[in-house]
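In order, the protein sequence lines correspond to chains A and B. Quick note: the first sequence uses this note's numbering, first residue 1, plus one each step. Quick note: the second sequence uses this note's numbering, first residue 631, plus one each step.
In case anyone wonders, no lab produced these hints; they're calculated from the structure. Treat the numbers as computed from the prediction; the structure is a model and nothing was measured. Treat each hint with caution, since some may be false.
[Said to hold, decoys possible] Label-pair ranges, simulated between beta-carbon atoms:
| hint | chain 1 | residue 1 | chain 2 | residue 2 | range |
| --- | --- | --- | --- | --- | --- |
| 1 | B | Val667 | A | Lys558 | 54 to 60 Å |
| 2 | B | Val667 | A | Gln124 | 36 to 42 Å |
| 3 | A | Ala474 | B | Thr655 | 50 to 56 Å |
| 4 | A | His156 | B | Ser645 | 36 to 42 Å |
| 5 | B | Leu849 | A | Gln124 | 24 to 30 Å |
Think of the CB as a built atom: it goes at the ideal place given N, C-alpha and C, for glycine as much as any other residue.
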Amino acid sequence: MRELSPRFAELRAKTAPQLIVEHARVKPGEIAFRSKHRGLYRERTWRDYANLVGRTARGLAALGVKRGDRVAIMGDATEEWAVCDMAVQALGAISFGIYPTASVSEVEYQMADAGASVFIAEDQEYIDKILASGDRLTELKSIVVIDASATYGYDHPKLKRMDDILAAAGPIEAGQAALEAMAAKVSGTDPAFIVYTSGTTGNPKGALISHGRHLAGTYTIVDHFPTLARETHRTVVFLPMCHIFGRDIAITLPLISGLVPHYGEDVEDLLRTLVEVAPTVLFTVPRYMQKFASQLLVGIGATSSIKGLAHETAMRLARPVARRRWEGKSTAIDPLLASVARAIAFKPMLTKIGLDQVQLAIAGGAALPRETAALWQIWGVNLCEAYGQTETGGAFISAQAGPFPRPGSVGSVVSGWEVKLAADGELLVRGPDVFDGYWRNPEATSEVIDAEGWSHTGDIAEWDGNQLRLVDRARDFIVTSGGKTISPSTIENSLRGSPYIAEAMVIGHNRKYLTAVIEIDFDTVSDWARAHDISYTGFTMLAAHDRIKGVIAAEIDKTNAELARVEQIKAFRILPKQLDPEEEGEPVTPTRKVKRKLMQERFKDLIDEMYEDSEERRVTAAAGEVLGAN
Amino acid sequence: MSRHPPRASGYFRTSYAQDHALIQTRLEWLATAALAVALCGVPLIASPFLLDLATQVLLAIVGALALALLTGYAGQISLGHAGLLAAGAFTVGILFKEFNAPFWISLPAAAVTGAALGVVFGLPSLRLRGLYLAVSTLALHFVVVYLGGEYESKRGFSTGIMIDPPSLLGVSITSGRAWYLVMLGAAVVALLLAANILRSHTGRAWRAVHANETVAGALGINVAAAKLGAFVITSSMTAVAGGLFAYHRGFVSVEAFSLYLSIQYIAMIIIGGMGSLLGAVLGAIFVTLFPYAIEALVGMLPGSQRYAGSLFAVNYAAFGVVMILFLIFEPLGLVGIWRRLQSFFLLWPFKQRPVGGGRK
Numbered sequence: 001m002r003e004l005s006p007r008f009a010e011l012r013a014k015t016a017p018q019l020i021v022e023h024a025r026v027k028p029g030e031i032a033f034r035s036k037h038r039g040l041y042r043e044r045t046w047r048d049y050a051n052l053v054g055r056t057a058r059g060l061a062a063l064g065v066k067r068g069d070r071v072a073i074m075g076d077a078t079e080e081w082a083v084c085d086m087a088v089q090a091l092g093a094i095s096f097g098i099y100p101t102a103s104v105s106e107v108e109y110q111m112a113d114a115g116a117s118v119f120i121a122e123d124q125e126y127i128d129k130i131l132a133s134g135d136r137l138t139e140l141k142s143i144v145v146i147d148a149s150a151t152y153g154y155d156h157p158k159l160k161r162m163d164d165i166l167a168a169a170g171p172i173e174a175g176q177a178a179l180e181a182m183a184a185k186v187s188g189t190d191p192a193f194i195v196y197t198s199g200t201t202g203n204p205k206g207a208l209i210s211h212g213r214h215l216a217g218t219y220t221i222v223d224h225f226p227t228l229a230r231e232t233h234r235t236v237v238f239l240p241m242c243h244i245f246g247r248d249i250a251i252t253l254p255l256i257s258g259l260v261p262h263y264g265e266d267v268e269d270l271l272r273t274l275v276e277v278a279p280t281v282l283f284t285v286p287r288y289m290q291k292f293a294s295q296l297l298v299g300i301g302a303t304s305s306i307k308g309l310a311h312e313t314a315m316r317l318a319r320p321v322a323r324r325r326w327e328g329k330s331t332a333i334d335p336l337l338a339s340v341a342r343a344i345a346f347k348p349m350l351t352k353i354g355l356d357q358v359q360l361a362i363a364g365g366a367a368l369p370r371e372t373a374a375l376w377q378i379w380g381v382n383l384c385e386a387y388g389q390t391e392t393g394g395a396f397i398s399a400q401a402g403p404f405p406r407p408g409s410v411g412s413v414v415s416g417w418e419v420k421l422a423a424d425g426e427l428l429v430r431g432p433d434v435f436d437g438y439w440r441n442p443e444a445t446s447e448v449i450d451a452e453g454w455s456h457t458g459d460i461a462e463w464d465g466n467q468l469r470l471v472d473r474a475r476d477f478i479v480t481s482g483g484k485t486i487s488p489s490t491i492e493n494s495l496r497g498s499p500y501i502a503e504a505m506v507i508g509h510n511r512k513y514l515t516a517v518i519e520i521d522f523d524t525v526s527d528w529a530r531a532h533d534i535s536y537t538g539f540t541m542l543a544a545h546d547r548i549k550g551v552i553a554a555e556i557d558k559t560n561a562e563l564a565r566v567e568q569i570k571a572f573r574i575l576p577k578q579l580d581p582e583e584e585g586e587p588v589t590p591t592r593k594v595k596r597k598l599m600q601e602r603f604k605d606l607i608d609e610m611y612e613d614s615e616e617r618r619v620t621a622a623a624g625e626v627l628g629a630n
Numbered sequence: 631m632s633r634h635p636p637r638a639s640g641y642f643r644t645s646y647a648q649d650h651a652l653i654q655t656r657l658e659w660l661a662t663a664a665l666a667v668a669l670c671g672v673p674l675i676a677s678p679f680l681l682d683l684a685t686q687v688l689l690a691i692v693g694a695l696a697l698a699l700l701t702g703y704a705g706q707i708s709l710g711h712a713g714l715l716a717a718g719a720f721t722v723g724i725l726f727k728e729f730n731a732p733f734w735i736s737l738p739a740a741a742v743t744g745a746a747l748g749v750v751f752g753l754p755s756l757r758l759r760g761l762y763l764a765v766s767t768l769a770l771h772f773v774v775v776y777l778g779g780e781y782e783s784k785r786g787f788s789t790g791i792m793i794d795p796p797s798l799l800g801v802s803i804t805s806g807r808a809w810y811l812v813m814l815g816a817a818v819v820a821l822l823l824a825a826n827i828l829r830s831h832t833g834r835a836w837r838a839v840h841a842n843e844t845v846a847g848a849l850g851i852n853v854a855a856a857k858l859g860a861f862v863i864t865s866s867m868t869a870v871a872g873g874l875f876a877y878h879r880g881f882v883s884v885e886a887f888s889l890y891l892s893i894q895y896i897a898m899i900i901i902g903g904m905g906s907l908l909g910a911v912l913g914a915i916f917v918t919l920f921p922y923a924i925e926a927l928v929g930m931l932p933g934s935q936r937y938a939g940s941l942f943a944v945n946y947a948a949f950g951v952v953m954i955l956f957l958i959f960e961p962l963g964l965v966g967i968w969r970r971l972q973s974f975f976l977l978w979p980f981k982q983r984p985v986g987g988g989r990k
C-alpha cells in the first residue's frame with residue numbers, strides 16, 4: 001500500500017472558508033468558477049469569491065446568525081447557493097440544503113428537525129413551500145430570498161431580500177478581510193453542515209459533518225483520481241448541492257483540486273450548458289448517463305441509412321477494442337481502431353451533448369447499470385463508477401480508478417479507509433473521516449456505527465479480486481414464496497438500461513413469481529410514438545396504449561433472456577402517471593429513489609392485478625357448476 | 631445576426647463582444663484567410679474575360695447586399711433599385727462633365743445623393759406597406775430615370791456621358807486587374823458594413839420592424855426612424871455602387887437602368903435567399919453569371935448560329951423559369967441548399983438534433 005498523503009492531515013485541521021481565504025491570498029486573480037447570467041459566463045476569481053462570501057456572512061450575522069445556528073438553503077445548484085453555504089460555515093453556523101424538489105411536508109419536517117433559524121430561498125417558488133408551514137416552525141426567525149423578482153405582493157414579516165441584506169453589509173471590497181477574521185475563529189473540528197439522507201424508509205435523518213473531516217474525506221477523491229490535482233479541469237455543476245455528492249463537486253473539490261465549476265443559466269438548460277462548457281471532468285449520477293445514452297440511441301435509430309451505417313461500423317470497430325481492454329488484452333492496433341471509430345461517429349455524437357472533451361466521468365450516488373457503463377466506454381467516454389455514502393462525509397468508499405475500467409464493480413477502496421464484509425455480506429467501512437453522527441438522534445447513530453468504529457452501510461457487497469461489487473441493499477432482498485432469495489436491483493438496473501424505461505420496481509416478496517411496475521420515459525416513448533404514428537394527448541394515454549405495452553414487453557423479454565428462470569419477470573404494469581417527488585405522499589424521494597413500501601401501498605391494485613387468480617377461480621367455478629349439474 | 635449553434639462544443643462566452651464577433655472559431659479564421667488569399671490571387675491566373683466577369687459579380691454583390699438589408703432584413707420592398715443605381719451613376723457623370731470632379735469627390739457625392747433619395751423613397755414607407763410601397767418606389771424609379779434622360783438630351787449627350795477612368799495615387803485605373811481589386815475592396819467594405827449594421831442596435835431594430843411593427847414600437851424602437859434609416863443607408867450604398875458602375879463602364883446612359891435591372895437585383899436576393907448576407911452574395915454570383923451560362927449552353931447546341939438572334943429571349947425566359955422554380959422548390963434560396971448541406975455534416979451522425987427538443 002502506498003503511503004498516505006500528508007494533505008489528509010493538513011486538511012483535517014481546516015475549514016472550507018479558510019481555504020477560500022488562502023486561495024484569495026495566493027492566487028487572487030485566478031478563476032474560481034464561472035456562472036452564466038443572461039448568456040454570459042461571469043468569471044469569479046478567488047478574490048471575488050472571498051469578497052462575496054465575506055459580505056454575505058456579514059449580512060447573515062446582522063440577521064442574528066451565530067455560531068452553532070442552523071441555516072437552511074433551498075434551491076437549484078447556483079453560485080449563490082455556494083456563496084451562502086460558505087458564508088454560513090464561515091460564521092461557525094451549520095448549513096443544510098433542502099432538495100429543490102422536496103414537498104411541503106418534507107420541508108417542514110427538515111426545518112423542524114434541524115431547528116433552523118434562517119431559511120434561504122433561491123426564489124419565490126421556495127418561499128411558497130416554507131410559508132405553507134404557517135407558524136408551526138417556532139425557531140424560524142428569517143426567510144431570505146435571493147432572487148426577489150417574483151415576490152411582488154409578498155409581505156410576510158419574516159421575509160427579507162438578500163439584496164437588501166447585502167446592501168447593508170458594507171462594501172464588497174471589504175468582504176475578504178471580514179471573511180479572514182471570521183474564518184480564523186472556526187476550527188476544523190467544529191460542525192460544518194448537515195446532509196439529510198434521502199429517506200427511502202422512514203423520515204430522512206440529518207448526518208452532521210464537521211469541517212476538517214469533510215475536507216479530508218473529499219480529498220480521497222483527489223487522491224484516487226490524481227488528474228484532478230495535476231491539471232485544471234472544467235466541470236458543469238447541475239446536481240443538487242444539498243446532496244453530499246453535489247456539495248463535493250461544486251464547493252469542496254474546487255478548493256482542493258484544479259476543478260473549475262461552471263454553473264449554467266438554469267439547471268433545466270443542462271444540455272446547453274454542457275455543450276458550451278465542454279467539461280473535461282464530469283461528475284454525475286447514473287440517471288443522467290442513462291438519459292443521455294437513450295437520447296443518443298433514439299437519435300441514431302432515426303437517422304439516415306448512410307449515417308446509421310457509419311455508426312454501425314464504428315460500433316463494430318469499437319466493441320472488440322473495449323472488450324479486449326477490459327480483459328487486459330489490448331493489441332497494438334486497438335488505439336488506431338478506436339480513433340477511427342471516434343472520428344467517423346463517436347466524436348461528432350458526443351459533441352452534440354458536449355461530452356467530447358471529457359477525460360474522466362464519475363458516476364456515483366446510485367448503481368450504474370453495467371450496460372450503460374459499457375456503452376459509454378465503447379463510445380470513448382472514460383466512465384468510472386464510484387461508491388460513497390452521506391455517512392462517509394463526502395469521501396468515496398471505493399471507486400474505479402480507470403482509465404476505462406471493466407464495468408460491473410465499484411472499484412477499489414480509497415486510501416486511508418478500511419472495508420470489510422460482515423458475515424451476512426454487509427459492507428462495513430472504517431475511516432478517520434466518517435460523519436459526526438445523526439443530528440439530535442444518537443440512537444440512529446449507534447445503529448450505524450458500532451463499538452469498534454465500523455460504519456454499517458446497509459449494502460450487501462462481495463469481493464472480485466481487489467474490486468468491490470455491490471449486490472443490493474440488505475433490506476431490499478426478495479424471498480419468493482418458493483423460497484428463492486433474489487436481488488431486485490440487479491434486475492431493475494438491467495430494466496433501466498432500456499431507453500424506454502425510466503424507473504422499474506421488481507415485486508415478488510412472498511409471491512409465487514416476480515412482477516414489475518414500470519414508469520416509462522416520456523421523452524423517448526413519445527418520440528417512438530410520433531415515429532410510429534400513434535396519437536396521444538399525454539402521459540396517461542401513452543402509458544395505456546397497447547403498442548407501448550408491446551414495446552415495454554419486448555424490453556422486458558430482452559432482460560428476461562439474461563436471467564435465470566426464477567428471476568424472470570412474469571407480468572408487468574405501466575404506471576399511469578409520472579412519479580413526481582414534489583407531490584405529497586408520492587413513493588419517490590426527492591432524488592427519485594423509489595420508496596418501495598410506499599410504492600406497494602400506493603399501487604396496490606395494479607400490483608394485485610398481476611397476481612390476480614380470480615379469473616381462474618371464476619372459470620373453475622363456472623365449469624364446476626356445469627360439471628356439478630351433470 | 632442569427633448564428634448557427636456552435637459547430638463544436640466548448641464555447642463559453644464571457645463578454646457580449648465575444649458573442650458578437652464575426653469570426654469566432656479557429657476554423658472560421660482559417661477559412662477566411664484561405665478565401666482572402668484565393669480572392670487576391672484571382673487576377674494573377676484568370677483570363678481577361680473571366681476577370682471581367684468576376685468584376686461584374688463583385689459590383690453586383692454591393693448592390694445585392696444593400697437590397698438584402700432593405701428587403702431581406704428591414705422588410706421594406708423596393709422596386710426602385712435601378713433608379714438608385716442610375717442616380718449614383720448620373721451624379722458621377724454630371725459632376726465629371728460639369729466640374730471635372732475627381733472620384734474622391736464624386737463617389738461621396740453619389741452617396742449623399744443616394745441618402746437624400748433614400749429619404750424620399752423612404753417617406754412613403756411610413757404610410758404604405760407591401761405592394762403599395764413597391765408601386766411608390768417604382769414611381770420614383772421612373773422619376774430618376776426621366777430626370778437623367780432630360781439631362782442627357784438637354785446638354786446634348788443624347789448617346790450618353792463619357793467618363794475618364796479615375797486615378798488613384800496618380801495611377802489611372804484602367805486595367806482589368808486594377809478594376810477587379812477596386813471592386814473586391816468595395817464588396818468587402820459593403821459586406822463588413824452590412825454585417826456590422828446587423829449585429830448592432832440598428833440591425834436588430836430593422837429585424838424587429840420586419841417581424842412586427844407594433845411589437846417593435848412597443849419595445850421602444852422608433853419604427854419611423856428605423857424604416858427611414860434603412861432606406862437612407864441602403865440607398866446610399868446602392869448609389870455608390872451606381873457610381874462605381876459608371877466609372878467602370880466609363881459611360882453613363884439611361885438605357886442601362888431599365889426596370890429589368892431592378893428585377894435582376896430582386897432575383898438575386900430571392901434566388902440567393904432572403905434574409906441572409908451569404909444569400910445576397912450567392913444570388914449576385916448566380917444572376918450575373920446566368921446569362922453567360924445560357925449563352926454557353928446554347929452555343930453547344932448543334933447549329934447554334936440559327937438561334938443566335940433569339941438568345942436574348944431565351945435568356946429572359948430561362949431566367950423567369952429559374953425564378954419560379956426557386957420560389958416553388960427552394961424558397962430559402964441558394965443559401966437554403968448550402969445550409970442543408972452544412973447541417974448534413976454538422977448533425978452527423980444524426981438526422982435531426984438528437985437532444986434539446988425533448989420535454990422534461
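Structure-based check of each hint:
A beta carbon spacing of about 57 Å between Val667/B and Lys558/A agrees with the range 54 to 60 Å that was offered as a hint. Between Val667/B and Gln124/A the Cβ separation comes to about 57 Å, which falls outside the hinted range of 36 to 42 Å. Ala474/A and Thr655/B have their C-beta atoms about 53 Å apart, which keeps the hinted 50 to 56 Å range intact. In this structure, His156/A and Ser645/B meet the distance hint of 36 to 42 Å, their C-beta atoms being roughly 39 Å apart.
Distance hint for Leu849/B and Gln124/A: a CB-CB separation of about 26 Å, consistent with the stated range 24 to 30 Å.
Violated hints amount to a single one, hint 2; each of the other numbered hints is respected by the structure.
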